[in-house]
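Line by line, the protein sequences are chains Y and E.
Just so we're aligned: the first sequence equals residues 33 to 130 in the numbering used here.
Just so we're aligned: the second sequence equals residues 3 to 222 in the numbering used here.
Derived by calculation from the structure, the hints in this document are not laboratory data.
Don't take each hint at face value.
As the list claims (entries may be wrong) - With a Cα cut of at most 27 Å, we get these calculated DSSO-like pairs of lysine-lysine:
| no. | chain 1 | residue 1 | chain 2 | residue 2 |
| --- | --- | --- | --- | --- |
| 1 | E | K204 | E | K138 |
| 2 | Y | K48 | E | K204 |
| 3 | E | K211 | E | K128 |
| 4 | E | K204 | Y | K43 |
As the list claims (entries may be wrong) - Which stretches of chain Y does chain E cover? Using the computed rule of at least three CB atoms under 8 Å from a CB of chain E, they are:
| no. | region |
| --- | --- |
| 5 | 47-58 |
| 6 | 69-77 |
| 7 | 81-93 |
To be verified - Beyond 12 Å from chain Y on every Cβ pair, some chain E residues (computed):
| no. | residue |
| --- | --- |
| 8 | I105 |
| 9 | Y125 |
| 10 | I130 |
| 11 | V165 |
As the structure is a computational prediction, the values presented were derived from the model and not from experiment.
For every residue, glycine included, the Cβ atom is placed at its ideal position computed from N, Cα and C.
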Amino acid sequence: MNTDKIMTFLKSAYGKAFLFILGVLVVCTPLASSAPDGLERVAENLGAGEGESLFIAPLQDYLLNVGNEWLGTVLAGIVGIIIVVIVLYGLSKILVKK
Amino acid sequence: MHIPDGYLDLIIALIMYGIAIVFWAITAYKARDGISEEQVPLLGILTAGVFVAQMLNFPIAAGTSGHLLGATLLAIVLGPWATLICMTVIFVVQALIFGDGGITALGANFFNMGIIGAFVGYYIYKIIKKFIPDIKGKMIGAFVGGWASVVLGAIACGIEIGVSQIFPYGIELTVPAMVSWHILIGIGEGLITAVVIGYIAKVRPDLLKLPKMGMKEEEE
Numbered sequence: 033m034n035t036d037k038i039m040t041f042l043k044s045a046y047g048k049a050f051l052f053i054l055g056v057l058v059v060c061t062p063l064a065s066s067a068p069d070g071l072e073r074v075a076e077n078l079g080a081g082e083g084e085s086l087f088i089a090p091l092q093d094y095l096l097n098v099g100n101e102w103l104g105t106v107l108a109g110i111v112g113i114i115i116v117v118i119v120l121y122g123l124s125k126i127l128v129k130k
Numbered sequence: 003m004h005i006p007d008g009y010l011d012l013i014i015a016l017i018m019y020g021i022a023i024v025f026w027a028i029t030a031y032k033a034r035d036g037i038s039e040e041q042v043p044l045l046g047i048l049t050a051g052v053f054v055a056q057m058l059n060f061p062i063a064a065g066t067s068g069h070l071l072g073a074t075l076l077a078i079v080l081g082p083w084a085t086l087i088c089m090t091v092i093f094v095v096q097a098l099i100f101g102d103g104g105i106t107a108l109g110a111n112f113f114n115m116g117i118i119g120a121f122v123g124y125y126i127y128k129i130i131k132k133f134i135p136d137i138k139g140k141m142i143g144a145f146v147g148g149w150a151s152v153v154l155g156a157i158a159c160g161i162e163i164g165v166s167q168i169f170p171y172g173i174e175l176t177v178p179a180m181v182s183w184h185i186l187i188g189i190g191e192g193l194i195t196a197v198v199i200g201y202i203a204k205v206r207p208d209l210l211k212l213p214k215m216g217m218k219e220e221e222e
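Between the sequences and the hints, there should be enough to build the whole structure, so can you do that?
Pasting the structure below:
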């Protein structure tokens, strides 16, 4: 993908949606609640322990260790977006009807 | 609502994987006609959006939060079968890369937060849209479908951990507790789903009329 293609994409409706999603990630990350979610709340109130992960994920808790939580979370989110989009792009090669 | 490793008995985890595999197999079958090329960027954008939304918890009450599940939202635009592809990618990436949701609980999480929303949420939306016209019907349908998908997912989750011996409490405690929180969390799901669908219906109504993978052609 060359720069022209990227620029064309960013100017399209999908490109704007993509930039909007990035904006939401950057702006909402520090505003997001770090309180336990519904299931974690139930487990905590009942007195059940936290689940034990079978392995340590590379970006556990959506955090890339760069010393700043906001930046670390935003970068982890971008990594996630890139992986999700690449996997879906690969799948679409199989899915698109010729 | 992501179940971590260590909350489900092996047999429950396997049963939920079994259900997931059945749906994956049907999805593969439904995918034989494929999707149109124009839908590829839509698929990518919506999945990226749901992935990000799942990272961003909104506060509910009493020090508790929730986040969008997004399966109903995806299903309204892409149809339930394509939604299962998107949600599978999200849950696998979350479990393997971000440690969100146990690898043993992937089948259960896919059922609770993917399959239920993709089908129940979608059909609730379709039924309501039939009776209430225009954007209003779409938004109400999206709200109710999204809300119901979260509450039903919470019931399923409560049953799965409740019947598991490894989780020290039974369904008489887990199901009511899960439902009570997710009645509230579901409102967030419903609002976000309704606003996004309302926006799409207003600015790009054509996107809601695209053919949906594996679904018979139907009138909008």
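These are the hints, each one checked on the structure:
1. E:K204 - E:K138: holds (11 Å)
2. Y:K48 - E:K204: holds (16 Å)
3. E:K211 - E:K128: Given pair K211 (chain E), K128 (chain E) holds - Cα atoms ~13 Å apart, limit 27 Å.
4. E:K204 - Y:K43: holds (20 Å)
5. 47-58: Since three or more residues must qualify, the claim that chain E covers the region 47-58 of chain Y holds, with 5 doing so at under 8 Å.
6. 69-77: Our answer is that it holds, as 7 residues pass the Cβ test (under 8 Å) against chain E, meeting three.
7. 81-93: holds (count 13)
8. I105: At about 6 Å from chain Y, I105 (chain E) fails to clear the 12 Å cut-off, so the statement is violated.
9. Y125: holds (23 Å)
10. I130: Non-interface label on I130 (chain E) holds, nearest chain Y Cβ at 25 Å vs cutoff 12 Å.
11. V165: holds (14 Å)
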